[in-house]
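**Q** Using the sequences provided together with the hints, build the complete structure.
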Amino acid sequence: MNKQEVLEKVKTIVAEQLGVAPERVTPEANFANDLGADSLDTVELVMAMEEAFKVEIPDDEAEKIVMVQQAVDYISQVAN
Amino acid sequence: MVSLELKRVVVTGLGAITPLGNNVSQYWQNLLQGCSGVGPITLFDASQHNCQIAAEVKGFDPSDYLERKEAKRMDRFAQFAVCASLQAIADAGLEINEFNAERIGAIIGTGIGGLKVLEDQQEVYLTRGSDRVSPFFIPMMIGNMAAGLTAIHTGARGPNSCTVTACAAGANAVGEAFRLIRHGYAEAMICGGTEATITPLCVAGFAAARALSTRNHEPTRASRPFASDRDGFVMGEGAGILVLEELEHAQRRQAHVYAEIVGYGMTCDAYHMTTPIPGGKGATRAMELALKDAGLFPNQVSYINAHGTSTLANDVAETLAVKQALGIHAEKVAISATKSMTGHLLGGSGGIEAIATAMAVATDRIPPTINLEDPDPACDLDYVPQLCRRQQVDVALSNSFGFGGHNVTLAFKKLKG
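So the sequences go chain by chain: A and B. Those letters in the first sequence? Residues 1 to 80, by my numbering. Those letters in the second sequence? Residues 1 to 417, by my numbering.
It is possible that some hints are incorrect.
With beta-carbon atoms standing in for the labels, derived distance ranges [as the list claims (entries may be wrong)]: (1) Leu201/B / Leu40/A: 20 to 28 angstroms; (2) Ala79/A / Gly155/B: 40 to 48 angstroms; (3) Thr274/B / Lys54/A: 44 to 52 angstroms; (4) Arg68/B / Asp59/A: 24 to 32 angstroms; (5) Leu126/B / Glu61/A: 25 to 33 angstroms; (6) Glu8/A / Thr42/B: 33 to 41 angstroms; (7) Leu126/B / Glu28/A: 33 to 41 angstroms; (8) Glu218/B / Arg24/A: 50 to 58 angstroms; (9) Glu51/A / Ala313/B: 30 to 38 angstroms; (10) Lys54/A / Phe44/B: 25 to 33 angstroms; (11) Glu102/B / Arg24/A: 32 to 40 angstroms.
These are calculated hints, taken from the structure and not from any lab test. Here the structure is a predicted model, which is why all the values come from computation and not from measurement. We treat Cβ as the ideally placed atom computed from N, Cα and C, and that holds for glycine.
**A** Rendered as structure tokens:
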């Protein structure tokens with residue numbers, strides 16, 4: 001799966017989980033500041049991405065993922 | 001803030017999500033018309049259950065009131081409560097702002113809480129492991145969250161709490177809210193009860209306790225309080241929320257007043273976990289205390305909205321209790337069990353029945369007890385069978401009793417002077 005495909009899938013998941021329009025889920029979007037995620041949303045989001053991509057994101061890595069692009073980068077790296 | 005002088009308290013707003021309609025107007029019209037909200041269970045596959053019927057809320061869409069994301073992080077019991085609270089606030093025309101927010105609170109009772117999310121997450125835990133359990137599981141499940149979320153969505157920063165007294169929870173919430181205003185701790189309270197437990201585990205549990213009707217072939221006739229052939233209650237779901245307000249506060253803003261709330265009685269049987277004490281002594285004292293609290297005599301009571309569950313034990317004990325509390329006047333009082341139409345909303349029932357009682361006072365209409373073609377000989381009072389009645393209602397009581405032996409009576413009165 002290339003990065004573009006990962007991005008598209010992440011966008012769908014984020015839009016669904018956070019209840020925001022998909023076009024707002026840009027690579028630069030910050031989950032908390034731009035998309036309104038709180039601490040519980042963030043945990044749920046990480047779990048949803050783990051399920052969708054069949055990867056494990058350890059807590060210390062998850063804490064560093066605050067923007068959409070960071071999620072895409074991390075998933076692309078571990079999934080491949 | 002505490003007042004030594006007792007304040008008068010009135011009902012100025014109503015909100016309801018019920019098996020008979022998702023607003024107060026529909027709920028009340030359907031009650032008066034004697035409609036049943038009971039049908040086959042659709043919320044899950046009940047084909048393996050002894051009881052396959054319930055009074056479900058139909059066509060409820062929380063996104064009519066809430067952002068999709070906000071609704072998604074609430075269990076159904078909290079969605080019902082928050083949406084009914086928003087209705088009640090709007091009905092009261094009560095603006096909650098930075099000047100009054102700390103003097104307005106919420107107490108919303110529930111018998112059980114977020115059972116659906118608990119059952120779903122237990123399944124996740126067992127099939128997929130501990131690290132797949134949702135971070136929203138606990139905040140969605142805990143019973144106090146209906147009151148907490150109502151505060152978040154209305155901005156009410158005053159007293160906030162939750163009563164968990166089984167089927168008396170909604171009535172306890174209204175009673176406690178009444179006292180807070182009466183003693184000067186708040187100017188207005190959002191209060192009532194909510195429940196959403198038509199789930200596989202809950203239906204199985206109540207069925208195991210032999211509490212539920214199994215009249216699966218005749219759903220609309222299954223909830224039959226005071227009838228000789230009753231065989232248990234029918235589970236319902238929904239929320240009933242009232243805005244209570246200090247009288248002068250309501251008058252200053254020229255609010256519409258449905259009724260005055262004048263009394264609250266609360267007792268415990270101290271007898272058995274699920275069975276009411278034979279002879280209904282605990283319920284008798286609850287009614288007596290509510291009347292005493294209100295400074296009313298038994299012969300002033302026009303109407304009683306009974307707990308009337310359609311279980312063998314309750315309906316006989318409650319009939320005895322009314323006779324003991326009202327004496328000879330018991331023969332003259334109109335009594336109805338609206339659970340014959342709504343089913344039993346457990347912790348939600350005290351809320352929707354307080355609404356029905358306040359509406360009876362406000363409109364001089366008494367909803368019927370349906371399915372009462374052949375009363376139990378031990379239930380020999382006037383239960384307003386089958387058809388609603390137009391009758392002056394100056395004073396009305398609402399009874400709610402719960403597992404644990406909790407007995408609660410609320411007293412409402414027409415606002416005069």
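**Q** Please check whether Ala79/A and Gly155/B have a Cβ separation lying inside 40 to 48 angstroms.
**A** Since Ala79/A and Gly155/B have Cβ atoms about 44 angstroms apart, the given range 40 to 48 angstroms holds.
**Q** Could you say whether the range 24 to 32 angstroms given as a hint is met by the Cβ separation of Arg68/B and Asp59/A?
**A** Once the Cβ atoms are compared, 28 angstroms apart, the range 24 to 32 angstroms for Asp59/A and Arg68/B holds.
**Q** Could you tell me whether the CB distance from Glu102/B to Arg24/A stays inside 32 to 40 angstroms?
**A** Check passed, 35 angstroms falls within 32 to 40 angstroms.
**Q** Looking only at beta-carbon atoms, does the pair Thr274/B, Lys54/A fall within the given range of 44 to 52 angstroms?
**A** holds (48 angstroms)
**Q** That 50 to 58 angstroms hint for Glu218/B and Arg24/A (C-beta), does it hold up?
**A** Distance hint for Glu218/B, Arg24/A holds at roughly 52 angstroms.
**Q** Confirm or reject the claim that Leu201/B and Leu40/A have a C-beta distance inside 20 to 28 angstroms.
**A** holds (25 angstroms)
**Q** Cβ-Cβ distance between Glu51/A and Ala313/B: within 30 to 38 angstroms?
**A** violated (48 angstroms)
**Q** Quick check: does the Cβ-Cβ distance between Leu126/B and Glu61/A fall within 25 to 33 angstroms?
**A** For Leu126/B and Glu61/A the Cβ distance comes to about 27 angstroms; the hint holds.
**Q** Given the hint of 33 to 41 angstroms, check if Leu126/B and Glu28/A actually sit that far apart at their C-beta atoms.
**A** holds (40 angstroms)
**Q** Assuming the hint says 25 to 33 angstroms, is it satisfied by the Cβ distance from Lys54/A to Phe44/B or not?
**A** holds (30 angstroms)
**Q** Can you let me know if the beta-carbon spacing of Glu8/A and Thr42/B is within 33 to 41 angstroms?
**A** holds (36 angstroms)
Of the numbered hints stated above, the single one contradicted by the structure is hint 9.
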